[in-house]
Structures are given as structure tokens and as C-alpha cells.
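Chain A is fixed; fit chain B onto it per the hints.
One letter stands for each residue in the lines below.
2 protein chains.
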Amino acid sequence: MASSTAPEMKTTSRLLLGPGPSPVHPRVLRAMSIPLLGHLDPQFLAIMNEVQDMLRAVFETENPFTIAVSGTGSAGMEAALANLIEPGDKVIVCVNGVFGARMADIVGRCGGTLVRLEAAWGEVLAQERIEEALRREAPVKAVALVHAETSTGAEQPLAGLGQLCHDRSALLIVDAVTSLGGLPVQVDRHAIDVCYSGTQKCLSCPPGLAPLTLSPRALEAVRSRKTKVQSWYLDLSMIADYWAEGKRAYHHTAPVSMIYGLREALRIVLEEGLERRFARHRRNSAALLAGLAQLGCEPNAAEGHRLPSLNCVKTPPGVEEGPVRQALLTDARIEIGGGLGPLAGKVWRIGLMGEGSWPEHVLAVLFALETALAKTGRRVKPGGSLAAAVGVYAS
Amino acid sequence: MASSTAPEMKTTSRLLLGPGPSPVHPRVLRAMSIPLLGHLDPQFLAIMNEVQDMLRAVFETENPFTIAVSGTGSAGMEAALANLIEPGDKVIVCVNGVFGARMADIVGRCGGTLVRLEAAWGEVLAQERIEEALRREAPVKAVALVHAETSTGAEQPLAGLGQLCHDRSALLIVDAVTSLGGLPVQVDRHAIDVCYSGTQKCLSCPPGLAPLTLSPRALEAVRSRKTKVQSWYLDLSMIADYWAEGKRAYHHTAPVSMIYGLREALRIVLEEGLERRFARHRRNSAALLAGLAQLGCEPNAAEGHRLPSLNCVKTPPGVEEGPVRQALLTDARIEIGGGLGPLAGKVWRIGLMGEGSWPEHVLAVLFALETALAKTGRRVKPGGSLAAAVGVYAS
Numbered sequence: 000m001a002s003s004t005a006p007e008m009k010t011t012s013r014l015l016l017g018p019g020p021s022p023v024h025p026r027v028l029r030a031m032s033i034p035l036l037g038h039l040d041p042q043f044l045a046i047m048n049e050v051q052d053m054l055r056a057v058f059e060t061e062n063p064f065t066i067a068v069s070g071t072g073s074a075g076m077e078a079a080l081a082n083l084i085e086p087g088d089k090v091i092v093c094v095n096g097v098f099g100a101r102m103a104d105i106v107g108r109c110g111g112t113l114v115r116l117e118a119a120w121g122e123v124l125a126q127e128r129i130e131e132a133l134r135r136e137a138p139v140k141a142v143a144l145v146h147a148e149t150s151t152g153a154e155q156p157l158a159g160l161g162q163l164c165h166d167r168s169a170l171l172i173v174d175a176v177t178s179l180g181g182l183p184v185q186v187d188r189h190a191i192d193v194c195y196s197g198t199q200k201c202l203s204c205p206p207g208l209a210p211l212t213l214s215p216r217a218l219e220a221v222r223s224r225k226t227k228v229q230s231w232y233l234d235l236s237m238i239a240d241y242w243a244e245g246k247r248a249y250h251h252t253a254p255v256s257m258i259y260g261l262r263e264a265l266r267i268v269l270e271e272g273l274e275r276r277f278a279r280h281r282r283n284s285a286a287l288l289a290g291l292a293q294l295g296c297e298p299n300a301a302e303g304h305r306l307p308s309l310n311c312v313k314t315p316p317g318v319e320e321g322p323v324r325q326a327l328l329t330d331a332r333i334e335i336g337g338g339l340g341p342l343a344g345k346v347w348r349i350g351l352m353g354e355g356s357w358p359e360h361v362l363a364v365l366f367a368l369e370t371a372l373a374k375t376g377r378r379v380k381p382g383g384s385l386a387a388a389v390g391v392y393a394s
Numbered sequence: 000m001a002s003s004t005a006p007e008m009k010t011t012s013r014l015l016l017g018p019g020p021s022p023v024h025p026r027v028l029r030a031m032s033i034p035l036l037g038h039l040d041p042q043f044l045a046i047m048n049e050v051q052d053m054l055r056a057v058f059e060t061e062n063p064f065t066i067a068v069s070g071t072g073s074a075g076m077e078a079a080l081a082n083l084i085e086p087g088d089k090v091i092v093c094v095n096g097v098f099g100a101r102m103a104d105i106v107g108r109c110g111g112t113l114v115r116l117e118a119a120w121g122e123v124l125a126q127e128r129i130e131e132a133l134r135r136e137a138p139v140k141a142v143a144l145v146h147a148e149t150s151t152g153a154e155q156p157l158a159g160l161g162q163l164c165h166d167r168s169a170l171l172i173v174d175a176v177t178s179l180g181g182l183p184v185q186v187d188r189h190a191i192d193v194c195y196s197g198t199q200k201c202l203s204c205p206p207g208l209a210p211l212t213l214s215p216r217a218l219e220a221v222r223s224r225k226t227k228v229q230s231w232y233l234d235l236s237m238i239a240d241y242w243a244e245g246k247r248a249y250h251h252t253a254p255v256s257m258i259y260g261l262r263e264a265l266r267i268v269l270e271e272g273l274e275r276r277f278a279r280h281r282r283n284s285a286a287l288l289a290g291l292a293q294l295g296c297e298p299n300a301a302e303g304h305r306l307p308s309l310n311c312v313k314t315p316p317g318v319e320e321g322p323v324r325q326a327l328l329t330d331a332r333i334e335i336g337g338g339l340g341p342l343a344g345k346v347w348r349i350g351l352m353g354e355g356s357w358p359e360h361v362l363a364v365l366f367a368l369e370t371a372l373a374k375t376g377r378r379v380k381p382g383g384s385l386a387a388a389v390g391v392y393a394s
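Heads up: the protein sequence lines correspond to chains A and B, in order. First residue of the first sequence: 0, per numbering that gives the first Met the number 0; consecutive thereafter. First residue of the second sequence: 0, per numbering that gives the first Met the number 0; consecutive thereafter.
Just so you know, these hints were derived from the structure itself, not from any lab. Not one of these hints is a red herring.
One copy or two, it doesn't matter: identical chains are merged, so the pair holds either way.
DSSO-like cross-link-like pairs, simulated, lysine-lysine; straight-line CA separation at most 30 Å: (1) Lys9 / Lys246; (2) Lys227 / Lys89; (3) Lys89 / Lys225; (4) Lys246 / Lys345; (5) Lys246 / Lys313; (6) Lys227 / Lys246; (7) Lys374 / Lys345; (8) Lys225 / Lys246.
None of the values given here were measured: they were computed from a predicted structure.
If we strip away everything but chain A, and leave its shape as in the complex, we get (with noise of 0.2 Å):
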């Protein structure tokens, strides 16, 4: 059995300005190295208590119950619905891309009655369709929606839903996996009930945790369930046990290495402070969108609804988009990411995340993108696309 034994790794340095995951910082890496305290050491329950504190300052919220769930953004997202819904529960989900459907899906599993409210992939849903649906549907449980399309790229408006979903007696789910950390979520100012995140976007911390808060409304909606929480591993009302100071429960073991990440990541943000962050991921993107324009690229949201921290383009017509960014990934060891579902083929996803977002980053990709189109035997200006993003960062 002994000769499956594997040989040393050797990976390749890779710029990632994919849809995920996103450069870590060196000092998050450090920290992934510390030798581990038990998940129930006295040292190790302030560390948590810690980043709980660094996570409610980043979502803007003074919830007590701010965690961060042992899994992916996607565990964050099951571990939201599931603990929210009970079978027979309405819930309106709003579908513009993958994540939206995911939300659907999983609705459907949780035993909710489903109103789907759709708009084109790149599209976001305007105010008074959610509107439209309380009114028509009540009483509605809750309304769940992607702060952040990962595959489109657009941004979804927050302002004045959680108020509009209050009014109905219903609460609001906010994914917020690709802006949290990069653009402003205000979980409070906004009135949402659950938002949960995941580390590897703008964090910049290795993909495995899913940052998550829960109003006083909607743990009381999960502490008041007739019936048990499908998972028991995303049981909220077991976790909150462990993550209580002065409970401490054991629920699960934590993954602490994990945690270290998250610890250090969170600080790094918090350092910046999110307002100097926000403003670096705008123009970054600024630049980024500037010079992806002279190749032929236009952004697949419309303007005004266009994620900072993803940006989605429409490929130049006749490119075929693969062998593209197989260039990149070989040649100039860059990863971008290509469209999912009916984007495929049709679009670049080009993330500018945490510690991807900076304009070393900006010029190379599109230095990479020139040099691979030129070999299409696409006309390209030389020097183009950069001249175009220095113009906007010297503005």
C-alpha cells in the first residue's frame, strides 16, 4: 500500500483573480501554520470570542449571534435556510445566476413552498417586484436573495428591503459570499436578518469557514421551530451553545487552523478599515473595467448594479474564450474564471478580492489578456488596455 505514497507538492505560484478563492496575505498563511490549542482550551474560546467581535464589525452589526460556520459559503448557505424554514414555509427567492437557483434548491429541500422571482443572469430584481410578491403571497416566512452574483457580477440593491420585509412580518436572507469585506453590506443599517459570507472572497483567508449573523428576529425564529433542524451539523441552536460565552458546549470540534486564518484575515481588514477598503476595491475595479474596454470586453451588468469584487465581461466577439484563459493559466500563471450555466463561453469573470484587488494585479491581467488575444490574431493595440487603466488611477 505503501506506493500510493504521494510525492513532495509542488505547486505553481498563481495569481488568483478568479471568482474565487482569492490571494491570501502572508501573514494568514503564517497563521495557518500555528501549532493548534484544543477546541475547548480557555486561550482558544477568546480567540473565538475575538472573531466574533472582528466579524461583527465587518458586517456592520451589533448581533450577539455572529459565528462563523465550519464549512464553505455554501454551508453558510444551508445553514441559513435550513434553520430558517420549517416544511410548508413560504419563502421568496430571487434567481439571477447560480447562487440564487442554489438558494432555491435547497428550499425545496428544506421542505418550503417556493415562489421564484426571476430576472436575466446579470440583472438585478427591482424593489417593487419583491414588493409585488409579499403582498401577493403572505404571509411569506422570509425573502432570500445574493447581495453578490458570483456569476454574473451584479450587485443587488439592499437598501430599504429589510424594512419592506419587516412590514410584511417577514425576514430577509442576504448572501453576501462575494461583497463582504469588499463592498459595503451594513447588515444593520439595512435591516437583515441573516447574512452569511465565506472566507475566500474578499477576506482574502483560505476557502473552509462561512462568516454568518442572525438578527434577535431571526434566532427567536429558529429557538421557537416545531420541528428539528434538518442538519445536525448546521444546527444553529446547538451552536450558539458553543459559540455562548459562558456556555461553551461541545457541539462539533472547531477547525481551529481555520480559525487562525479567519483571525488574522478579519485583522488585516479591520486595519484598513473597510471604508479605505471599499474605496480601493471601486477603483481597482474602475481600472480594471477601463481596460478590459479597450480590448473589447464590456461588463455584463448594467451600470451602477456591477460588483467591484467580480468583474463579469462579455468576451470580445469571435474570441473563443478557453484557449484564452488557458493561456493565462499556463503562460502567465493568472487565474480568471470563465461563465457558468448560459454565460458559458460567453464571459470573463475576473475577480479583484482582498488582496487581489491592487493595481499590480490590475495591469498584469490585462497585460496577460492582451498578450493572449494578440495570438488569437485579434488586433490588439499594445500597451492599450494598461495606458487606459493608469489613465484612470491617475484621475
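Quick look at chain B alone, frame taken from chain A:
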């Protein structure tokens, strides 16, 4: 908000001899800090293949479906049960500790019909009782049991159980969280259909992944379900398409750094060789138990059913266990575990798992216990437990 920023993390070095996490090898810690590849990068997919190969070697199975679930051991338990059980399926669960009870809880959440076979905490289930239940309750979809009960230190014999189940068209589901890599599990030899583990026990990797293997028969049961698996995150029919060579369909973002860590941990296991590793675990456990006997601590499980990886012993008569355990943590920087449920206050659980299972750790914990017990006023012969342990090593 920046006032929430936590200070630099300063942790005490701990010798982790509790029920997990176990000490992590420096090579594994180093692997955790390697800069990340994307989860769909060809290089990362090759790494996944290598992890699968090495997991098969450690599980001692040829099962093509052998993966690491993106969650801790409990996520492995839930994945095993939620994918196999459909509403109304009858499942026999052997309950002789915390983890059997957890399985029973999950069966209920999956809508299964629970047949609970109980044994006292520290005892194991006689094969005749399982056989009798299979006959009485036919048709039974599955028998689920814990190979290494972390809460009691008891090892459930596995020989013959697979055949017994298959004769009655039932599947055998085995929890090997505290055995895989420390004592023989032998999935194929015992005809186990579903076996899962955790990374933070005898594999000496940080917590966060659950190795899982399914026999072709079990996979067929998953694929021929009439209803969707209630968990999207743990839906193995979809996860299989990500791990399957040639398909690699995106499901959720793999926890890249944890996979790096597991890969290195598995290399270390296979470099040592399973037989040598198992012998090491047995030898160190024997030395520890010899020393503990000198301190008045008798094993909780009967002879022949004691786990070498998790030594659960009764605390000496008249000694309050909490302060002793606390003294070990603060004075000797050694973590050991207390009892759970009916064993709370009555036992210590001393893990000698993976990198924890070495003579110097046995001597360290015995010396620390001698010292702490002497402080409680109990008569302890100085060096007596150490001499007993050394005697085992000398024999």
C-alpha cells in the same frame, strides 16, 4: 469599528493528549501555509487524486468513491446518514456512547425509522444482538455503529458484521473517527459500505475535513434515491461529480489549505506504514495504562475492547477530577479530556493519537498526573507510574 481589531495572537504551546485535536506534525503545519491554487486548477485536481489514492490506502479499500468531505468528522457522519437514509427507511443504530447517540439523532432528522440497540457506556454490542435485530426488524436499510467510541474508549469489533448485514440486504455504516490511521479499520476486509473519519485524530491533521468512503453498493443506494438528499452541501451525488476524474463539475469551493494539510498528513502515515503505526499506538497505550494503574486509574472499557488511540480511565477514588485536569493544562501545558454524559466527573480521556502517540508524551502525562495527584494529598509513589511505563517499553 477599528477598535475591535484583536491584538497579535499569542498562544501557549500545548501537548494535545485529549480526545482531539491531536498534535499536528510540523510538515503538515507547513503544508497549511502554502499559497493556494484555485479549486479547479489542473494542479489542484491532481492533488485531489493523490489525496483520494492515499485515503484508499489508509481505509484499506479499493472503493473509487473515497473523498474528503468539507467539514469535520460530524459532517462525515451526517453525509453518511443523510445520503443513505430516505424517509421511512429502518436503521439500526448501536448506541454505547455520545457518538452512537448522535447517529441516532441524525437518523431521526433524516426521517428514518430508528431501531436503537443500547449497551452500557464502555461496553460494546455483541454481534448476536445485531444479528437478532436484523432478523426481527427486517427489512432494515442499514446498521450504523461507532468503531472507536471517543466518549468511552471502547472498540467495537467489526469482523463479520459486513457479511451479516449483506445477508439481510442491509448496508453497514461505520464511524471510524478515532480509529482511522491508529488502528486497523480495513474497509474492504470487513465489507463496510460507508466509513467516515475525521482528520484531527490519528491522522494528526488539523480538524476540518472528514475522510469518507462508499462501497459501490452504497453509492448505488445513493444514486437510486427517490427523494433528494435533504442537505445540498453534503449531497454526495453532486460531490461525486466534483471528485470524479474527467467530470470535475463545480459544486462548492474546496477547502484548499485543509486538503494540502491532509495530503501531507497522509504521506506521513504511509511513509511510516500502517502496521508499524498501529503497533506504535498499541505499545504506547500499553505503557500508558501500566503507568495509570500505578496511579489508581483503571480502564473504563473491558480488556480486549480498549482503544489504543483513546485511553478512557476511571479517575482514582476520592479524587475530584476537574482541578487535576486543570492543573495539567496550566502547570504542565498538557490537555487531556474529561468525561461526557454519564461519565462526566468519573473518567479521564487521554488521547495517544498519531503524533501524540510517542513514549515521551506518555512519560510527560504520567509525570504531570503524578505531580497533580500528589498536590491533592493523594499518596503517590514518585516515579512509580513512570517506572511501570518504562517496564512495558523494556519488555
